[in-house]
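Here the structure of chain H is known, so what remains is to put chain Z in place on it, guided by the hints.
Protein chains in written order, with my numbering: chain H, 15 to 315; chain Z, 7 to 261.
Derived from the structure by calculation, the hints contain no laboratory data.
Any given hint might turn out to be false.
What the hints assert, rightly or not - Pairs of lysine to aspartate or glutamate, EDC-like flavour, derived with a Cα cap of 20 Å:
(1) Lys209(Z) to Glu245(Z)
(2) Lys147(Z) to Glu167(H)
(3) Lys82(Z) to Glu167(H)
Stated by the list, open to error - Have a look at the derived ranges for each label pair, beta carbon to beta carbon:
(4) His50(Z) to Leu132(H): 36 to 46 Å
(5) Asn177(Z) to Thr165(H): 15 to 25 Å
(6) Thr221(H) to Gly258(Z): 45 to 55 Å
(7) Asn19(H) to His50(Z): 52 to 62 Å
(8) Thr165(H) to His50(Z): 37 to 47 Å
The beta-carbon is built from N, C-alpha and C at its ideal position, and this holds for glycine as well.
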Amino acid sequence: MVKLNKIRSLSEAVASVRDGSHLFLSGFAISRNAIAVAHELIRQNKRELTLSQCIGAMDADLLVGAGAVKRYIYGGGSLDRFGPLWNINRAIEQGAIEVDEFSGLSMALRFLGGSLGLPCIPIQSLLGSDILKNLLNKEVPEVKVTECPFTGEKMVLLKTLQPDVAFVHVQKADCTGNAIIQGPRWDEDAAKAADQIVIVADEIIPTELTPFLVEEVRIPAGRVSMVVHQPYGAHPTSLYGVYDYDREHLTEYASMARTPDGMQEYLDRYVRGVKDFSAYLEAVGGLEKMIRIKADALKKY
Amino acid sequence: MPEANYSKGEIMAAAGAREIKDGQNIVVGLGLPQVAALLAKNTHAPNISMINEQGVVGFSPVDPAVGMADPRMWYKATYFNSFIGTLGSFLHRGKVDIGFLGALEVDQFGNMNSTMVGGPGNTIRHFTGSGGANDIASLAKNIMIIMRHEKRKLRAAVQYITSPGYLGEGNLRQSTGLKGGGPWRVITDKAVLGFDRARGRMKLLSIHPGVELDDVLENTGFELLRDEQLPATVPPTAEELKLLREVIDPTGMYI
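The shape of chain H in the complex, shown without the other chains:
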């Protein structure tokens, strides 16, 4: 028997996304973002996307800046000290896209419930806040204030989330889809909530090695549809244990994304104007830069 090989090119994997899909991208602020995927979605001119994330990140900010997003569901976010998520904030300020703003844990629970196939899940935060008030005022609210049928305690019932496709950038995966996530894994439940999981791995390991690394496997092959091999695919965000965030490039992004014109210039220079992700990596400094941001074996950054 031959083992199923789920390896696809980045462009093939992204081509399978239909306009209007609901996507999850693995980024959290400036760590482990699905940047290569965001670039390819922009190059293939995908439109009308719904994106959901626990915490907003650069991958989503790129797609919002490129006009690919119709609706964004998140729990707040920034580029840490590099600055705000300029494109997302601007879209909210101008009412340019539909945004559902939750908290970090309420988003995490919506994904956890989704990963279990549950239609809803309760939480006991959000109560009394303007976050809740705004969510209740939506045309089709996805939250409801209710009481526990057993204890009578107040709680907020959250509609769970099940994205069509989750793109998850990880350190390592084998060609059948067993995916290793090192460091914190804010995205694991969200990935498992999705109908299809696409793993984007910086490194492909032989399937024979997987049983020896089983403690680190967080997403099992049985849930994974495709595997993409994309070294440095999270750049300029960090990949724990593999490379640090690129301070220089994040600074450049944060300054260009500050204005709509600057953002378009950024997209022309680094996304639409390059042939593929390898060309982008060359444009941001190539091998010399990649060596400079390589993680220290002890510190992992």
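Frame of chain H; chain Z shown alone:
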């Protein structure tokens, strides 16, 4: 009064550290909260568990970080998980003793805004939003806020409640169903403030040495509860200053 031999950041970190008890579970953010928690850990509270909402527990950073998502903040962590493993099984389970929060604005009831402020006309400026802040404010036993003491930041009412304090006068917080204890300390560069928890109102507890009462009152956008006699905040000790300057924040990034 002799010239202080410490910075504003140093007295804020020391005041914050002293509110921490050994063995507590503490959710910290970047900057002064992390510095205060590390000072406590290096002095009287070696057994605290520091928790980062992203899914990182028990970390001991040695290099200055740009945020919670910076792996510098995860150095020497003893537990990796997810939101569910931190804000879930610690926080929602009721096992977080102190949650540190920052905010754009805080009001007299301890309600916090980190989402948006109004601009000219009907415009708004949108900021970070909640992250874990709303969950922490809702569910931690005690909330400690570290912020600059300015009238536009300490307001009668916040423009948007991202994270609930006592919501209003009286027991509104409880009747709303919030299980956490609510705001407990606000440490500024001028004073240490607390709350009359039964009334849900902010109260002045101590003033930093060299700061006048009028300076505190003029820079607060609402009437503070206060006792007749107000103590001075205990300044950082020589040992605390040495730790802050040589071990915890040697590059002076936050202090």
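Consistency of the hints with the structure:
no. : hint                               : result
1   : Lys209(Z) to Glu245(Z)             : violated, 30 Å
2   : Lys147(Z) to Glu167(H)             : holds, 18 Å
3   : Lys82(Z) to Glu167(H)              : violated, 39 Å
4   : His50(Z) to Leu132(H): 36 to 46 Å  : holds, 44 Å
5   : Asn177(Z) to Thr165(H): 15 to 25 Å : holds, 19 Å
6   : Thr221(H) to Gly258(Z): 45 to 55 Å : holds, 50 Å
7   : Asn19(H) to His50(Z): 52 to 62 Å   : holds, 57 Å
8   : Thr165(H) to His50(Z): 37 to 47 Å  : holds, 38 Å
When each numbered hint is compared with the structure, violations occur for hints 1 and 3.
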